[in-house]
Amino acid sequence: MKNRVYINGSCAISSQPTFEGDFLDNINENVQDNVLPVIEPNYRDYIAPPAIRRMSRAVKMGIVASKRALGEACLELPEAIAVGTGMGCVQDSEKFLRAVLDNEEQYLTPTAFIQSTHNTVAGQIALELQCKGANFTFVDGSTSFESALSDAAMQIELGDIRNALVGGVDENTPYCLEIYELDNIIKPRHEAPFSITDARSKGVVFSEGASFFVLSDERNEHTYAALADVDFRNDVPDTGVFIGDFLSRNNLDIDDIDLMLSGRNGNSEDLAGFDTAETLMRCTKLYYKHLSGDYFTASAFGFWVACNVLRSGHVPQLLKPVGTPSEEVRNVLIYNQFRGKGQSLILLQKV
Amino acid sequence: MQPIVVTAMGIISSIGNSVEENLYSLLEGKPQISRLDNLRSTLRDNIKVGEIKLSNSELAKRLGIDPRAEYSRTALLGIWAAKEAIAGLSADEVKSLGFVSASTVGGMDKTEQFFYEYKTNVEARRHIYTHNIGENTRMIADYFGIGGMVTAVSTACSSSANAIMVGTNLLRTGRLSQVLVGGSDALCKFTINGFNSLMILSDDACKPFDRNRKGLNLGEGAAYLLIETKENAVRHGRTVLAVLSGWGNTNEAYHQTASSAEGDGAAAAMAKAIDIASIAPHDIDYINAHGTATDNNDMSESVAIRRIFGNEVPDFSSTKAFTGHTLAAASSVEAVYSILSIRESVVFPSLNFENPIEETNLTPQTTLKHKPIRNVLSNSFGFGGNCSTLIFSKYEK
Chain Z
136 MKNRVYINGS CAISSQPTFE GDFLDNINEN VQDNVLPVIE PNYRDYIAPP AIRRMSRAVK
196 MGIVASKRAL GEACLELPEA IAVGTGMGCV QDSEKFLRAV LDNEEQYLTP TAFIQSTHNT
256 VAGQIALELQ CKGANFTFVD GSTSFESALS DAAMQIELGD IRNALVGGVD ENTPYCLEIY
316 ELDNIIKPRH EAPFSITDAR SKGVVFSEGA SFFVLSDERN EHTYAALADV DFRNDVPDTG
376 VFIGDFLSRN NLDIDDIDLM LSGRNGNSED LAGFDTAETL MRCTKLYYKH LSGDYFTASA
436 FGFWVACNVL RSGHVPQLLK PVGTPSEEVR NVLIYNQFRG KGQSLILLQK V
Chain H
24 MQPIVVTAMG IISSIGNSVE ENLYSLLEGK PQISRLDNLR STLRDNIKVG EIKLSNSELA
84 KRLGIDPRAE YSRTALLGIW AAKEAIAGLS ADEVKSLGFV SASTVGGMDK TEQFFYEYKT
144 NVEARRHIYT HNIGENTRMI ADYFGIGGMV TAVSTACSSS ANAIMVGTNL LRTGRLSQVL
204 VGGSDALCKF TINGFNSLMI LSDDACKPFD RNRKGLNLGE GAAYLLIETK ENAVRHGRTV
264 LAVLSGWGNT NEAYHQTASS AEGDGAAAAM AKAIDIASIA PHDIDYINAH GTATDNNDMS
324 ESVAIRRIFG NEVPDFSSTK AFTGHTLAAA SSVEAVYSIL SIRESVVFPS LNFENPIEET
384 NLTPQTTLKH KPIRNVLSNS FGFGGNCSTL IFSKYEK
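Chain order of the listed sequences is Z and H.
Just so you know, we're using our numbering here: the first sequence kicks off at 136 and counts up by one.
Just so you know, we're using our numbering here: the second sequence kicks off at 24 and counts up by one.
Simulated from the structure, these hints should not be mistaken for lab results.
Hints are supplied without guarantee of correctness; some may be wrong.
Listed below are the simulated DSBU-like cross-link pairs for lysine-lysine, each with C-alpha atoms no more than 30 Å apart in a straight line [unchecked claim]: (1) Z/137 <-> Z/485; (2) H/118 <-> H/142; (3) H/420 <-> Z/137; (4) Z/230 <-> Z/202; (5) Z/267 <-> Z/202; (6) H/295 <-> Z/137; (7) Z/230 <-> H/118; (8) H/142 <-> Z/137; (9) Z/267 <-> H/118; (10) H/118 <-> H/53; (11) Z/202 <-> H/392; (12) Z/137 <-> H/53; (13) H/142 <-> Z/337; (14) H/84 <-> H/53; (15) H/237 <-> H/106; (16) H/295 <-> H/142; (17) H/237 <-> H/142; (18) Z/230 <-> H/106.
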């Protein structure tokens, strides 16, 4: 008999004030910018000041979000850490690469290189917490967070571990944003105002952030929801079949899903996938990327939204519900993809 | 627990373009550590590397890929090795195959080439998105049409050991019946200069576990294992190469890059893997050590080996003097060697060794040694405190 997996703690650092206050308090939808800057917490409340100076934004956000999520779950030391990141430590990678190129491979110091490895965030969290358990980092585009979530959940299901810290984190640099706009990954500025329902052009409104969660085989008074299943594919020939197979392996029918959280992002390359999925599901649809922007681990923010909706039993109008939410929300399906690839499904259940 | 078995493998490294070519070089004691030829670097005359001499266009041509396409060297090497590993699968099996691939550099080779050109060179922009490691994994998956769960792991020099462990979870939970696991990393200026700035690159052939070791040789390569449950392998009548019997992943939580003098993380990873394999330390017949030939690693790993095995240390060697340190691919390259060690009943030699480290007084096996091998323990340690151990065992029906 496999163990059930519960989400007992969470924290989202995003382009909205999600770090402080209640769920989706003081939210402002920004439709003018093609890049939404992250609202950073006061790191000094969580990390010793000398350490802060050395850390890149991804590391700082990761550590703070971890500590907050662990605090909420009343867990001091997780048994394992799994982090997903689409781009890794871009700030230090770029810094070191520029030094290599600008100085023709001479006079280099190793600090930026050391901090450039993709597992720096997970490694620094382990150092900070003194967590000696299994430590994994997944770098898999739009399914980076889902990979981390799935692997940690499998370890709990198998009884290898009893709890885990799981997160998704991404940071940007000005140059990275500039070239992403050149490559149509980010929508051009002049197309403002932006809307996730307007997918006439390629690209998304981009952002960054960190969302971390505590998974456990034990429910407590802070439990948000149960994580029933996660699945993802590199390439999905038929989105309908992908969703159908996922539901049937969980013994569910389309009408058993009460809410669908769609990662709709206004990118023309993703339009067909989101249209198919949303048409197939007859339940109420909710959205989140108009609040968070899109980035490789934006679905971790979506996961945070879904956890909160399930625990509070309340669907804020800010999530732009299409359809009337059923009286009792039991099953929530999260669907995402990016640039026509990396489709993912997460099933959360009320406890 | 349902045993997990290895039923096929593929590899490309500086010592060979296939499993059999690699085996030949190992048996003949022929390393391939040279100056850089394909990659242009001002460090060329200062370092020695395990470079694969096939150029990108030769690799692409032989794989039937348009050389002008956006494939990074990491993706090309990955496709090369994966092709050998899944050659025996039917089209339907590939459609449901899972894939967990590791890399540390992804498309960095292209990024460092075009970094300042993106604003003006429209043609170069196709390399922007394919910089990310996940996209390199997708390129490999798409080449074959791999249709199951695909993901990528990046935990520095232990990456492909961890990719293999993720694969075991997918099998043990029944999510997949077959998964291709391993890693691929290409040499690039970014990593060469990174390791050079840490002053841990040797200007000569590396000397793992030697008292006077001078640092590591970087290498490049890719290797993949096809793993499945024993039940699935038997049902399909596949030849089993070895059992993946143990694995351990710990974080030392000691320092961002260095290993502790006590070898805590390494010892914990080995202990965990031995425990999962349900064997005792004296059942290990051969240790394929991480053995990078840096001061720090070899000392720390030696201490950890002493802690686990006491005065009865089994035959051990580092094969990095043959191939160089292939970073994210190292664990899977050495997993292939560990399985070959079982199949051929040999311990591969640790080259260039002269004198043991005084504190631990460990002497690796320096010549090819023939003996029956039942259990091989393979170590991989990386930046970020990541310590990983895998154990491969002889398959008995």
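Now the hints, each set against the structure:
no.: 1; hint: Z/137 <-> Z/485; result: holds (18 Å)
no.: 2; hint: H/118 <-> H/142; result: violated (39 Å)
no.: 3; hint: H/420 <-> Z/137; result: holds (28 Å)
no.: 4; hint: Z/230 <-> Z/202; result: holds (28 Å)
no.: 5; hint: Z/267 <-> Z/202; result: holds (16 Å)
no.: 6; hint: H/295 <-> Z/137; result: holds (22 Å)
no.: 7; hint: Z/230 <-> H/118; result: violated (40 Å)
no.: 8; hint: H/142 <-> Z/137; result: violated (52 Å)
no.: 9; hint: Z/267 <-> H/118; result: violated (37 Å)
no.: 10; hint: H/118 <-> H/53; result: violated (38 Å)
no.: 11; hint: Z/202 <-> H/392; result: violated (51 Å)
no.: 12; hint: Z/137 <-> H/53; result: violated (49 Å)
no.: 13; hint: H/142 <-> Z/337; result: holds (19 Å)
no.: 14; hint: H/84 <-> H/53; result: holds (27 Å)
no.: 15; hint: H/237 <-> H/106; result: violated (36 Å)
no.: 16; hint: H/295 <-> H/142; result: violated (50 Å)
no.: 17; hint: H/237 <-> H/142; result: violated (42 Å)
no.: 18; hint: Z/230 <-> H/106; result: violated (36 Å)
Checked against the numbered hints above, the structure violates hints 2, 7, 8, 9, 10, 11, 12, 15, 16, 17 and 18; every other hint is satisfied.
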